[in-house]
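Undergrad: Each protein sequence line maps, in turn, to chains A and B.
Using the numbering used here, read the first sequence as starting at 6 and increasing by one per residue.
Using the numbering used here, read the second sequence as starting at 20 and increasing by one per residue.
Incorrect hints may appear among the rest.
What the hints assert, rightly or not - With a straight-line Cα cutoff of 30 Å, these simulated DSS-like cross-link-like pairs (lysine-lysine) come out:
#	chain 1	residue 1	chain 2	residue 2
1	A	K516	B	K113
2	B	K24	A	K494
3	B	K24	B	K43
4	B	K34	A	K516
5	B	K24	A	K208
6	B	K24	A	K503
7	B	K86	A	K367
8	B	K86	A	K516
9	B	K86	A	K203
10	A	K336	B	K86
11	B	K43	A	K509
As the list claims (entries may be wrong) - Which stretches of chain B does chain A cover? Using the computed rule of at least three CB atoms under 8 Å from a CB of chain A, they are:
#	region
12	148-154
13	241-248
Stated by the list, open to error - Sample of chain B residues lacking proximity to chain A, with all beta carbon distances greater than 12 Å (derived):
#	residue
14	T179
15	I196
16	R262
None of these hints come from the bench; they were simulated from the model.
Quick caveat, the model's predicted, so the values are computed rather than measured.
C-beta atoms are modelled at their ideal positions from N, C-alpha and C, and glycine is treated no differently.
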Amino acid sequence: MTPEELIQIAEERRGQQAAVGKRINVCAAASCMSRHSDKIAEEMSSHAESLGDKAEGVEVRCVGCMGLCSAGPLVEVDHPADEAAGNDAPKTMYRGVSMDDADRIVEAAAGGTTVEQLVQPTDIPYFSRQKRIVTENSGYIDPESIEDYIAADGYSGLVTALTEMSPNDVLHEVTISGLRGRGGGGFPTGLKWSTVAKTDADKKYVVCNADEGDPGAFMDRAVLESDPHRIIEGMTIAGYAVGASKAYIYVRAEYPLAIARLKKAIRQAQKYELLGTNLCDTPFNFEIELRLGAGAFVCGEETALIASIEGRRGVPRPRPPFPASYGLYGKPTLINNVETLATIPWIVRNGGDALASIGTAKSKGTKVFALAGKIVNNGLIEVPMGISLREIVYDIGDGIPDGGTFKAVQTGGPSGGCVPGNLLDMPVDYESLQEAGTIMGSGGMIIMDEASNMVDVARFFMEFCKDESCGKCTPCRVGTAQMLDLLEKLCAKSATEKDLELLKELCDVVKACSLCGLGQTAPNPVLSTLRYFEDEYMGSLVGGVSGDGRPVPDVETKAGAPDRIER
Amino acid sequence: MARQKLPPTQTLTMKIDDVDVTAKPGQTIKDVARDHDIIIPGLCYLDGLSIWGGCRLCLVEVEGMNKLLASCSTEVAEGMVVHTDSPKLRAYRKVVIEMLFAERNHVCSVCVSNGGCELQDMAVELGVDHVHLPYMDPDVNLDSSNDRFRLDHNRCIMCTRCVRVCGEIEGAFTKGIGGRGIDVRIINDLNMPWGESQTCTSCGKCVHVCPTGALVEKGTAAAEMDKRRAFLPYLTIMREAQR
Ligand SMILES: Cc1cc2nc3c(=O)[nH]c(=O)nc-3n(C[C@H](O)[C@H](O)[C@H](O)COP(=O)(O)O)c2cc1C
Ligand code: SF4
Ligand code: SF4
Ligand code: FES
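Sequences are here, hints too, so could you generate the full structure?
TA: Spelled out as structure tokens, the structure:
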């Protein structure tokens, strides 16, 4: 593939698209698909066909996630030909589309009208307040078409990097972009890349961590399903920058659609010689293989993930040495999260400065969050770093449903904590969240209302950690089980003050002594709810009442507590 | 002119518990400390076996690091300042030992390893005079199906020494790890009775590296089980020499 060939493919595809008069885009990512959006798209196609001349110029295609998952299945009608000609061409989004609506929508699109009852307004803050980098193509391109991706400037970053930049130039751009790992740790990506690049070895690896295991998180899944080529491009650029020629994507087996699309994308990229040997007529070779995880949360931890790829039991090992110097098969290995890698093509195309101009002093760029729980707009959002929690909850999320009142937002999943209402105006960045006793995490955001019992929230996450502990190290194996017992006692209002003391002591020991991040962060949900809602703990003791005499919400109702998510 | 390469570092200097010590690159903190007669507690580490890093008893403080590090798995570095003993470390180690006692059913008075048990010794050494965590009293069983040996899960602390010696030294790979979290267990082959294992060579190495009364020879009564671990360093040294 030469730069000229890439431009040619892009122009050809854009030309084809510009010839389409009316296009019906149906979301075909997991959430809408679970409500049969694929069948709806099929019905639309065949109905358009049966209409014959009356539906002249109508094209039905599947696209990736449009974000507002709770309103799905989502369908958007646009007019590429008018857009290309510079004419006024309003788009129409439809929400909650069912099989029965399929024919109506096709007929309306063909006739230039709309189905008013189904219209989802798009001039709301949910759409206007987002800043889309990682998800820039989600919902706009057909994830199964490499030409669509190329027409959206896809692979131009890779081709530019290979033909016009040295590996050091790429490292430089990533470093000045200020990008930090989106997998939870927030480690500076440029620094990690440089470490791998500087380590001498006959072989190096790139690994994409797509094991997304936090309960309630589905950011990575959406990216993989909506824009799989983006990951391939990001990984290949990474391989060029650090000097690796082989890569693995470790994706959990519970994401069959993501796996199928990745497989297809890899084949397409190979065909176009965007993967393989002597890419862009340079000496650079790169190949990508998939590895499926079997559903253990701990296999998202980098050393456990490496063990799993090597075919061993997926348990963490002590670090140092870090994978950057001693990783897969003992070789220097760059391991990055899906979202981190998905930001890379944009950085190469627009320059590191462009990303660094978004966000706060130490947190640059955007972050994708999965909004869940008691919030009107459930779904996926991408926002600039530094936006306030209040804007996310009340503007983008449109507040709490059924007239409920906000109580807390949980970020960082089982490793994170809760932020109470009086801190809603704090900016969302790595440092501020940490100061508030939680973490950015991978992007799960669970909103809770007054009915939630915070002790029960802590119990839920501890149960998750206990179930997912690999059992290798004593503090996490025994500590999480003991802490869960104590939290259950609290929830049953049969705990004593001594139990609460013991719980606090165990939090300290498990945090300080565990081997890997799972154990080290397992106490966080308890510590943060203790910090902000200690009165609920006091009220949960035998014969206890909360500080202000307010009754502690009953646990039995399980109201507001995150749903039990089975892995 | 080509730049001359610097000679590789042969020794480095560091500080352990306020004593200046020298070390070879590639040595672990635990190793260097022992060379200087500072013994750091630990149950999963055993000379001659690969490093596991699971028991967390050997945690030490390293200046400049915000986390405690396992001394059995952390390599030394020039200028490193290590503290192997502090009130905080001692408190943590005590709780970890208590966790092991609370996790399964350790009834020393009737155990064949009473008096010859590393867990017991470590508890005495660290001053664990009682267990303030609730005992979990799990319903775990015992495998007596092997002709010569017995595996009593009640006494197992999941140090995985047996798994490592079986694979790394004997090459049989009979012992493995099944389940996870609090339900993790030592298993034989694909989780079958030990006596039915096709791979076990009945060499007994696992029995002798086991720190507790979890793996024992049959026919021993309370406090009769003597473990002999000296064979392991000897074996590894001889194998190295042969190579
Ligand atoms: C228990 C545990 C689970 C993890 N799960 C994931 C995961 O599902 N996806 C992920 O990208 N990182 C996960 N991580 C973080 C990884 O270990 C690693 O830091 C990350 O993949 C590095 O990529 P980044 O620098 O791009 O964030 C997990 C860490 C721990 C301790
Ligand atoms: S902290 Fe938990 S998950 Fe991590 S190694 Fe220890 S037991 Fe395994
Ligand atoms: S059986 Fe013995 S050697 Fe094996 S893990 Fe248990 S305590 Fe350790
Ligand atoms: S001896 Fe180091 S962790 Fe067990």
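Undergrad: Each hint needs a verdict: does it hold in this structure or not?
TA: Comparing the hints with the structure gives:
| no. | hint | in the structure |
| --- | --- | --- |
| 1 | A:K516 to B:K113 | holds, 15 Å |
| 2 | B:K24 to A:K494 | violated, 64 Å |
| 3 | B:K24 to B:K43 | holds, 20 Å |
| 4 | B:K34 to A:K516 | holds, 26 Å |
| 5 | B:K24 to A:K208 | holds, 23 Å |
| 6 | B:K24 to A:K503 | violated, 63 Å |
| 7 | B:K86 to A:K367 | holds, 22 Å |
| 8 | B:K86 to A:K516 | holds, 10 Å |
| 9 | B:K86 to A:K203 | holds, 26 Å |
| 10 | A:K336 to B:K86 | holds, 25 Å |
| 11 | B:K43 to A:K509 | violated, 41 Å |
| 12 | 148-154 | holds (count 3) |
| 13 | 241-248 | violated (count 0) |
| 14 | T179 | violated, 8 Å |
| 15 | I196 | violated, 6 Å |
| 16 | R262 | holds, 19 Å |
Consistency with the previously given hints fails for numbers 2, 6, 11, 13, 14, 15, ordered from lowest to highest.
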